[in-house]
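Peer 1: Residue numbers (the working numbering), protein chains in the order written: chain A, 91 to 398; chain B, -8 to 887.
Don't take each hint at face value.
[Stated by the list, open to error] Facing chain A, from chain B, some residues (calculated, C-beta under 10 Å):
| # | residue |
| --- | --- |
| 1 | Lys309 |
| 2 | Asp421 |
| 3 | Thr821 |
[Unchecked claim] Some chain A residues judged to face chain B by a derived CB distance under 8 Å, without partners named:
| # | residue |
| --- | --- |
| 4 | Gly109 |
| 5 | Ser113 |
| 6 | Arg116 |
| 7 | Asp127 |
| 8 | Ile181 |
| 9 | Val184 |
| 10 | Arg218 |
| 11 | Asn221 |
| 12 | Glu310 |
| 13 | Trp311 |
| 14 | Gly387 |
| 15 | Leu388 |
The set of hints was computed from the structure by calculation and includes no laboratory data.
Yeah, the Cβ is synthetic: ideal placement off N, Cα and C, and Gly gets one too.
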Amino acid sequence: MSAPMMIADGKAIELRAGGTDLSERRRSGVSRGSLIDIAPTPDMTGIDCSANGAARIGALVTIDRIANDPRIAAAYPGLAAAAGGLATPQIRRVATIGGNLAQHSRCWYYRNPHTACLKKHGSICSARGGNHLYGVIFDLGPCVAPHPSTMAAALLAYDARIDTDRRADLTIAQLLGDGANGAVDNALEPGETITRVELPPPTLGERALYKRAISRASAEWPLVEIVARAVVADGSLRLLRLAAGGVAPVPLRLAAAEAAAQGAAATGATIARVVEQSTAGAKPLAMTAYKLDLLKGLVRDLMERLLA
Amino acid sequence: MTQCRFNGVSRELPESPDATLIDVIRDREGLTGAKLVCGAGVCGACTVLLDGAPVASCLLPAKAAAGRSVVTIEGIGAGALHPVQKAFMALDALQCGFCTPGFIVESVAFHDEWRAKKGAAVPTREEIAAALSGHLCRCGAYDNILRAVAEACAGRFDGGDAARSPRVEARDKVAGAAKYTVDIRHDRQFEGVVFRSRIAHAKIEALDFAEALAIPGVAAAISLLGEDRTVRYVGQQIAAVAAADRETALRACAAIKVQYRELPPVVGMDAARMPTAPEIFAGSRKSAGNASEGMAMPTPWRRNVRGPSSAFSLKAKKARNWIAAAREAGDPLLFEATFRTGAQQHCSLEPHAAVARFDGDRLTVHVSTQAVFELKKLIAKRFKLDPSHVRVIATHVGGGFGSKATLGIETVAAIELARAAKAPVRVVFDRHEELSVAGYRPGAEMNIALLADRDGRLKALSLAAHGDTGASVNSTIAALARLIYPAEAKDLSDFDVVSNLPPGAPFRAPGGPPMAFALEQAVDEAALRLKTDPIALRKRWDDNPNRRRLYEWAQGLSAWRNAAPPASKTGRYRRGVGVAAGYWLYLWQPGSKVQLSVESGRIVVASAAQDIGTGSRTVLANTIAREFELEPHEVEVRIGDSSLPEGPGSGGSRTTASLVPPALLAAQKLKQAVQQRTRREPQAGSNAPWREMIAACPDFSVSSERPEDARTLAPGVRSPLGEVGLMGHIFGWMMRRFSHIAIGAGAPSSVQVVEVEVDTLLGHVRVLEVHTGIAVGKLAAPALAQSQASGAIVQGVGYALYEGREVDLQTGDVLTAGMEDYRLPGVADTPLIDLHFDEGGFDHVLGGGVGIGEVATVPTAAAIANAVRNATGVRPKEIPLRPDRMLRLLSEGART
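Just need the whole structure built from these sequences, with the hints factored in.
Peer 2: Take a look at the structure:
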């Protein structure tokens, strides 16, 4: 977890949870300021599930625990599957959900200590005019790197709220912003610490799936990823939630696609409409048009399985 | 609490918040089994157990280990080997061994948990692959790793038997005891860091070390600029500093004052070919690097384009005329296309590394190198030292693949810094350096035209290949199309397009895989147009006896015979089968020597060769053991040290063919001598007469040099030089004279049949099965040959599907400079691999066999492309065939 806090000499102080993002940036020199290790409190290290099914997950709970907690798997299968599908087993054992939400961009211009980047106090996005093979298709701000947090996409699909040591009840959109500010990865104030994640009770009868499109079989940052939730009753779609990662500077709800499904019959024709609407508002960059196809392909894959 | 238990021993943790666990384990505790490779949690080479759970120690803050227990590879099997370790040994689930400790640690945790929960059930390949998905092996040992973990879980290695391995040094590698160059630590050793250009093209006007040298702990700073003081790519070396530790050295680099005069950069092949592009190497062409194994022949230049190199053409003008006429006439038997291949990084898990130490005027350098003996000569020459005062040591080498065959900057910097600092200096590249400036197989653009005649014969072939070689030359692709599929006329020309990108370097059969990618797809297309079975067509066109036997084998494969017709392929997932052939030159190194000794009743075999994971230690042990009816582990092998008798480099698949013949000659000498000197005869009826005689023999030694091959060749076996005629003989003479490489007769060959599945919705290509037939003669170490072939296929899969180097075409920065962006194939990407060895074809070589390293990877990408064509009806023109390219191909196919 790492919210930069500017101090007088221009170097940021960063907060550290598992360190799986930060250690790499320390070694490369991208992060040079001071470190503050987050002191664990009982509230931040546990998973609580209430009788109505709502869950509270402490910010320092590891991804691996979320992926393997039977209560989470039962109530929020899309979240569990997303947790189990990100990074590698070694990373998941150490990385935390708070850190995953607050991690920094994976853009190769950001990670290279020598190249210019808005997120390193630069004045331009080098990827926009340069090589943005893994860039966005929803061009919402000056930075063209997709937000890297898979957990954020999953939590967006579940309407989760985030508490910090200063604020309560933040939506994912409030936590990460709308993508308009290319200089930051999130809207946390300097030094503000994520403390826990609150998940509302699941909807009766819902199913959920997660899938990422990658080039290899596993262990790769998603080109596009989607968490999908659906409730089908009496042959029609009562609920559809589609949250996509890899496509925008922040995780994105595919609102037009969701709207196309609202109350519609659970048929192939509806799937086709949802697929068609999934890229509404997308504006790919020169090198990212393929992500439109991947987004549609993933939506089709998940819809067909959810409605099967 | 700041204590932590390392392998059961309580130790204080450092205060520094930036210390990661790997630093503490390796540098302070001296536990060097865990390796620092990617530094980003991608490759798993640094994996250790934290309270029993495998974690990436390169990312774990040391403070996070407070109050906890850390177990490293050294703590596993310290008393008796763990069953997983024994399984890795027995099934040869390792090659260079650099990734092995990480794999073992993770596999041990998986094994122990699995058996506690599931008892005797055997995990599936998928379950094991998921557990090991945070580990990468560049040698591609995955197939055997999957097997080893499954068999260990099945309890096959529970017994207390002594662990056996077909690889003689395997025990050291599974125990984390094998020492690589990065593990060398002398007293008072400084850490060297190379200071590199931030600019793609500039003249260095001034360089000032004063501030850098003033930093406490900094021992030396040296310039690495060439005579023209010009840098031609981002990351080119300018200087190097040595300091007490890496952090101080990095701070010193930041304090170097450098004044650049920027020159206009030209980045990439397209920009460099523009008529207005500034000339990169005007007046200094000799400073360009070499992307191939042989010397660069004199060749004309035109601004940034070097070429054509067309000495291997045959009646080129005729070929051009026939093809032009066929084009004019719209001849359907003319296939023309442009194919493109990406740059492939070696990404050896052990980075380029050197540790230099002077003792008076004697220099000892530990180097991660593919050529200890040659390197000794190069160092002596460059630093004007007496060769007998230079010693190069490479006990274990964590992969090379062609990138460590010559005198590199890491070695130059370590030596110069050691001289300046008057103390030992270690230089180890970080992963960013490794993936940007340490070499790559250049990408290529290949225009091919293949013309068959009405009778189904190959009439003419034209191939023009442009290599995207950055600051290097000598990409050799088209020329290789001369030595397969004879035709009436061939127009073959190679070009290098130089630009302000890092230089390429030889990579495993350098121009072979790109040549096959273009040619084998053209042959596949000809088969389609001639309505002929692609293997049958190859049998008709290819008269090489080795490959003809492999075609017979391939035609018998059920995967080939039962392949579904393309028309039946619809729906989202489509499967297809493809075939491709490949060959490589049989090279050997004249002057290679093997020394055999009896020491204290044991046989010792020695040569200044090295084992980069390919198995040269085992080749020597097996060869001698067979001669003396011993077990390989009874033979002591000494390699990896330039003070031993001259040995071959590990490049050009030359090692086996350079070592086995002199080893056999030396064995004959030793046998005679032992018989003469032994003080007692073996007991009558003894079943181990040599063991007994050697045990009774006084110490002495014999040595033999690599003999010439027999002049009499089996029918159909030809010298490739003879096939090319006069130019071939000139080329061969120059290779032998200047590159110390002899080109022998016969063609090491490979034919591969591949089955793929294409997810047409998400553009994902999965290789399901690879059937590989290989003809390299008799195998000196069969299990290791299988491992190497299997790894070559994994690398071929990476080349075909995942591995792409991305650059910024304005700045010249290499963007895929970390292992999450430069995508090596992982364990879950491993296809089912079926290996077939045809052991004939090299009877003219003493021992009957040649090297396998390169030929096994030549046809893989081409066979995958042909399988994708078979599955989808569209032909891949560009690799890596990532999802973006596969989707574009499918949508273009749908439109036409």
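Peer 1: Against the earlier hints, flag every one the structure doesn't satisfy and list their numbers going up.
Peer 2: Hints 1, 10 are the ones this structure does not satisfy, whereas the remaining hints hold.
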